[in-house]
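Whole structure, please, built from the sequences with the hints as guidance.
From first to last, the protein sequence lines are chains V and B. For the first sequence, our numbering begins at 1 and goes up steadily by one. For the second sequence, our numbering begins at 1001 and goes up steadily by one.
Check each hint, because a few of them may be wrong.
Claimed, not checked - Straight-line Cα separation of at most 25 Å, DMTMM-like style, residue types lysine to aspartate or glutamate; simulated pairs:
1) V/Lys55 - B/Asp1101
2) B/Lys1025 - B/Glu1003
3) B/Lys1051 - V/Glu207
4) B/Lys1052 - V/Glu144
5) V/Lys56 - B/Glu1030
To be verified - Calculated from the model, a selection of chain B residues having no Cβ within reach of chain V, i.e. all distances over 10 Å:
6) Ser1011
7) Ile1069
8) Thr1113
No lab work stands behind these hints: they were computed from the structure. Just so you know, even glycine gets a beta-carbon here, dropped at the ideal spot from N, CA and C.
Single-letter residue listing:
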Amino acid sequence: MEGKQSQVVLIGTWASGYCKRVELALKLKGIPYEYIEEDLENKSSLLHHSNPVHKKVPVLLHDGIPIAESLVILEYIDEYWSNVAPKLLPEDPYQRAKIRFWANYHDQKIMPAIWHIALSQGKEHDKAIEVYHGLLKVFEEGIEKDFPAKSPFFNGDSLGFLDVIVGTVACNYQAFHEVVTVIFDPAKHPSFFSWVTALKEHPLIKEVLPPHDKLVALMRKKYCQSPKA
Amino acid sequence: MAEVKLFKTWSTQFGARVVWALKLKGIQYEAIHEDLSNKSALLLQYNPVYKKVPVLVHNGKPISESLVILEYIEETWKQNPILPEDPLGKANARFWAKFNDEKLLPSIWSAFTKEGKEREEAMGAVLESLKFVEEELKGKKFFGGETIGLADLVFGWLANLAPVFEEVAGLKILDERYPLLLAWQPEFSEHPIIKDYWPPHDKLVIKYQALYEKYHPAK
Chain V
1 MEGKQSQVVL IGTWASGYCK RVELALKLKG IPYEYIEEDL ENKSSLLHHS NPVHKKVPVL
61 LHDGIPIAES LVILEYIDEY WSNVAPKLLP EDPYQRAKIR FWANYHDQKI MPAIWHIALS
121 QGKEHDKAIE VYHGLLKVFE EGIEKDFPAK SPFFNGDSLG FLDVIVGTVA CNYQAFHEVV
181 TVIFDPAKHP SFFSWVTALK EHPLIKEVLP PHDKLVALMR KKYCQSPKA
Chain B
1001 MAEVKLFKTW STQFGARVVW ALKLKGIQYE AIHEDLSNKS ALLLQYNPVY KKVPVLVHNG
1061 KPISESLVIL EYIEETWKQN PILPEDPLGK ANARFWAKFN DEKLLPSIWS AFTKEGKERE
1121 EAMGAVLESL KFVEEELKGK KFFGGETIGL ADLVFGWLAN LAPVFEEVAG LKILDERYPL
1181 LLAWQPEFSE HPIIKDYWPP HDKLVIKYQA LYEKYHPAK
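Below, the structure is given as structure tokens:
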């Protein structure tokens, strides 16, 4: 785009995978942005004004106009800066449909399952882990079946839509293991594990992920639990 | 062999959105009616993850999840678009579609299935949500502007099913607090394309009455 520089502002919180995925997308495309850290215990009037419906992060402000919901924001970024490589989503409608399907599965099935593990105890906790493993297996096998060419990422060496979504959540697994419980077994989910391992090495993912110790401290405070024996 | 097949039931609101989109774009399709108590092998093959309807099959390629299907239809058949061209307009439509499916619908379902305080709280959430939806209609005939768009198809249940919830469960969803939504309802339901596929009110009442009794058995 020639001429006037777009003003891009991202309102987020440093530990949120949903916010990190937006940051990663902006960095991947080299889009300059201003970042505003939100205090969710004391929500700003900017957040109230920009996302009155949900009052949640992330919110992208583009030339002052707010866009909320991380998956909606990612598609917006890909469409507005459609001439800026890399493309997060492919051109083909069927490929796009498959990617959207698994993005929704991840956010609507896998994410709540992870929360449930973190917030439950005893028998419920054990059951939650079982449920999560089942969902992850479906996700892993589904991705393998639908995207046989993925190697190691959806755009070869370059990150695609699902890499961005999964990477900013899954790559924190060591913090989760330390604070909550070990849920992620390479033997049980070899192809998912090798994908996440490759994602962890990507320089931009390394750049956006929160520091391990800081994340562990936050998670301890949040879940406030002793080890779940 | 039909190029486009749609697995659905007669009553599914999620399936209705897809039918309306296909009809708006003039796409011929073969409807395959599923008995959800006895799912066909084909449905299980095409949607192994959720085993639900609707499923669109285009030239043998299955697509599941109604919002994913709507985007696929929009991107495959460019005539009579249901999304605007500009990325911001698209983002806005998608935001409201998600809002309906992830916030509004779960609340209304809670209100339908629960009792007492839980039902009250769920209805409170519905009415709060509807305030935002009402505002989105300001200055517009449809959520899509002058023509029906993605958000209209997704909110379509407010015209087709909400009156059924009122009759069966006494849930007053759209009333004088929402004048724009009340005006939108007949604009949507009387649109010739939409009208042509309209899960019948009386049949829906019978179905949801039976369902209501299941959740609220006589003591």
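Hints, verified against the model:
1. For the hint pairing V/Lys55 with B/Asp1101, the CA-to-CA distance comes to about 18 Å; that is within 25 Å, so the pair holds.
2. A hinted pair counts as satisfied when its Cα atoms are at most 25 Å apart, and B/Lys1025 with B/Glu1003 qualifies at roughly 15 Å.
3. At roughly 39 Å between alpha-carbon atoms, B/Lys1051 and V/Glu207 are farther apart than 25 Å, so this suggested pair is violated.
4. Distance hint between B/Lys1052 and V/Glu144 is fulfilled; the C-alpha atoms sit about 22 Å from each other, no more than 25 Å.
5. About 42 Å separates the Cα atoms of V/Lys56 and B/Glu1030, which puts this hinted pair outside 25 Å; it is violated.
6. Distance to chain V confirms B/Ser1011 as a non-interface residue, since its nearest Cβ pair spans about 23 Å, more than 10 Å.
7. Remark: the non-interface label on B/Ile1069 conflicts with the geometry, its nearest Cβ contact in chain V lying 8 Å away (cut-off 10 Å).
8. The claim that B/Thr1113 lies off the interface holds: its Cβ sits roughly 19 Å from the closest Cβ of chain V, which is beyond the 10 Å cut-off.
Against the hints set out earlier in the document, violations occur for numbers 3, 5, 7.
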